[in-house]
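K.L.:
For reference, the chains in residue letters:
Protein chains: 2
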Amino acid sequence: MKHTDGTLLIDQASIEKCLTMKDVVEICDRTFQGFGEGTTINPTKVTLDLGEESAYPPYEGFMNAMPAYVGHLDTAGMKFVGGFLGERRKQGLPYLTGLIVLVNPHTGNFTAILEGAHITNMRTGAQTAIALKYIKKASSIRLGLYGAGMQGHTQTMAISEIFDIEELRVFDSSKESAQRFKENMKPYVKGEIIIADTPEQAADADAVVAVTPSKDKFIRDSWIKPGTVVFPMGSYQECEDALILNADKIIVDHVSQALHRGALKKLHAEGLIEEKHLYATIGELAVGTKTVEDENGRILCIPIGTGALDVAIGQVVLDRIKAQGGGFSFSFV
Amino acid sequence: MKHTDGTLLIDQASIEKCLTMKDVVEICDRTFQGFGEGTTINPTKVTLDLGEESAYPPYEGFMNAMPAYVGHLDTAGMKFVGGFLGERRKQGLPYLTGLIVLVNPHTGNFTAILEGAHITNMRTGAQTAIALKYIKKASSIRLGLYGAGMQGHTQTMAISEIFDIEELRVFDSSKESAQRFKENMKPYVKGEIIIADTPEQAADADAVVAVTPSKDKFIRDSWIKPGTVVFPMGSYQECEDALILNADKIIVDHVSQALHRGALKKLHAEGLIEEKHLYATIGELAVGTKTVEDENGRILCIPIGTGALDVAIGQVVLDRIKAQGGGFSFSFV
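These protein sequence lines are chains A and B, in that order.
The numbering of the first sequence is this note's numbering, which starts it at -18 and goes up by one.
The numbering of the second sequence is this note's numbering, which starts it at -18 and goes up by one.
It cannot be assumed that every hint is accurate.
Under the rule of at most 27 Å between Cα atoms (straight-line distance), these lysine-lysine pairs were calculated in the DSSO-like manner [said to hold, decoys possible]:
{"hint": "1", "chain 1": "B", "residue 1": "K118", "chain 2": "B", "residue 2": "K230"}
{"hint": "2", "chain 1": "B", "residue 1": "K167", "chain 2": "B", "residue 2": "K(-2)"}
{"hint": "3", "chain 1": "B", "residue 1": "K198", "chain 2": "B", "residue 2": "K163"}
{"hint": "4", "chain 1": "B", "residue 1": "K271", "chain 2": "B", "residue 2": "K3"}
{"hint": "5", "chain 1": "B", "residue 1": "K303", "chain 2": "A", "residue 2": "K71"}
{"hint": "6", "chain 1": "A", "residue 1": "K303", "chain 2": "B", "residue 2": "K71"}
Reference listing, derived: stretches of chain B covered by chain A, where coverage requires no fewer than 3 residues with Cβ under 8 Å from a Cβ of chain A [as the list claims (entries may be wrong)]:
{"hint": "7", "segment": "29 to 41"}
{"hint": "8", "segment": "68 to 75"}
{"hint": "9", "segment": "79 to 85"}
No wet-lab data here; the hints were simulated from the structure.
Remember, predicted model here, so these are calculated numbers, not experimental data.
Positions of the beta carbon are idealized from the N, C-alpha and C atoms, including for glycine.
Chain A on its own, in the form it takes in the complex (with noise of 0.2 Å):
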């Protein structure tokens, strides 16, 4: 194991050193810039299905394979990324699973392998923060939050990093998840954290943001009022079908991906929503090439999540830990 040259290996504890949520959001918002530039390259990403939706291997988890180019950091690199709920869960380990390899994009040789689960909690709480910033020109914000687990933290922090958030809504299934959720958040939040005791509660803001694992569609059209925006971030379809299909405006991050998980998928397969129906990236909106003047819309924002962001956090990490002369380096050739 040599410490010159090689591949630096990065751990969670070193990047939570070194990385803030201001960070995040700063280098997100440059990326998704670059998404409506042109300079941010980011194919489909490629999902091997480990039991989440396929029978076999019945193992309910999945891998996605992410790669993409950041051309405002000439950097390239892939995060292989997964959820489980089966064994691991069991054992008490986080949802998410991941490591982000970093590559010279001239040469391809791998100058880092960084732990990927925190920088992709941080990074999904940065995309919707920074959509958000884009869709509401405020400075304040009411917010309603489904989920009170690990994204549901991220999300509350980033969001907190753009805009003061006057009042938030909260409900989990769990009622101790959602308890400790306020006590963690309190630093995050200017105005009152309320525990919903109805999923419709929470429904009551400026955006609503749903971080769950549910397959059940019970986010309700007629909750949500004009001007509202929603973010349905899970891997299933969290909102009733009405919801989508009477949106104003539809916002994703990555159009192909948008189309094929989350959301949109069921619709998009029934041939209910197509290309045609998504009104802008939010890339195209960081650049101002769209813009959302509608103060009454609906607005649905889906933001599935790309491997630029990550491989760009990744690469503002790697440089920090090299100016510090930290990490460790393997060499594999």
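Based on these hints, arrange chain B on the given structure of chain A.
P.N.:
Frame of chain A; chain B shown alone:
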């Protein structure tokens, strides 16, 4: 850096020490059987174009992400592999660069990361040898080879594991490369190794293997005799359209990949080659659900390369290195 649990890091030298071509042929054969049985799960690979075909970024390279699950070893993982002709070649580095990441498919824990180019080179030879075994039920063979580089070597070594090579005709635009190949490959070839003066001379064989970076469609239909099996293995179309369109049987390793990369890509884009024109997969030949009886048929076999082979070999290497108590372990979490 802990030496227990964690992710085992395995460099190229360690792989070379514990893996023979015989091993690779056996592992790949079993994995092809898995394709036929349905126990090898291999989604279509995703390509990040870094200037191989795209104008931006202009680095004359690509990276492929190739996830797979291998049922007979109950393992999963992904190869991230690329080839570069620009800065990488200037630095005198080999064309290929790659890593193989292995995952426990029950939990998503990362069990190992291995250097990937060496295994890629070996298994690319092995897949030809195995396909040839199922197509030609002979013990000896006359081989024609285009390209005397690294891939030419591993093709020859792998084929020699299954067949006595009675004669080998090699053509390379560099006579020096051809001469070096001849010296290196003498131990693997029972008969004579003939350096062909023209490409046509190398086509007089039972099996013709092309491993070149050519975009010239230089292999002519008229050179190929009935009963000859042609393997166009390059990234671009090495044989003229007629040779493909006149083939009696086209055999591939992976239907979707074969239609979108390599020899068939252009004719598929033009609508001239469709899935219905593909006779069988190597996996179907391996389990016997399809057979090749036609001794005078003109057969084209196109193994584009599947991540499942790399994952399977990587797992066997990991098991051996763990059994020896070797390797370095790093904990990302």
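K.L.:
Which numbered hints turn out to be false for this structure?
P.N.:
none
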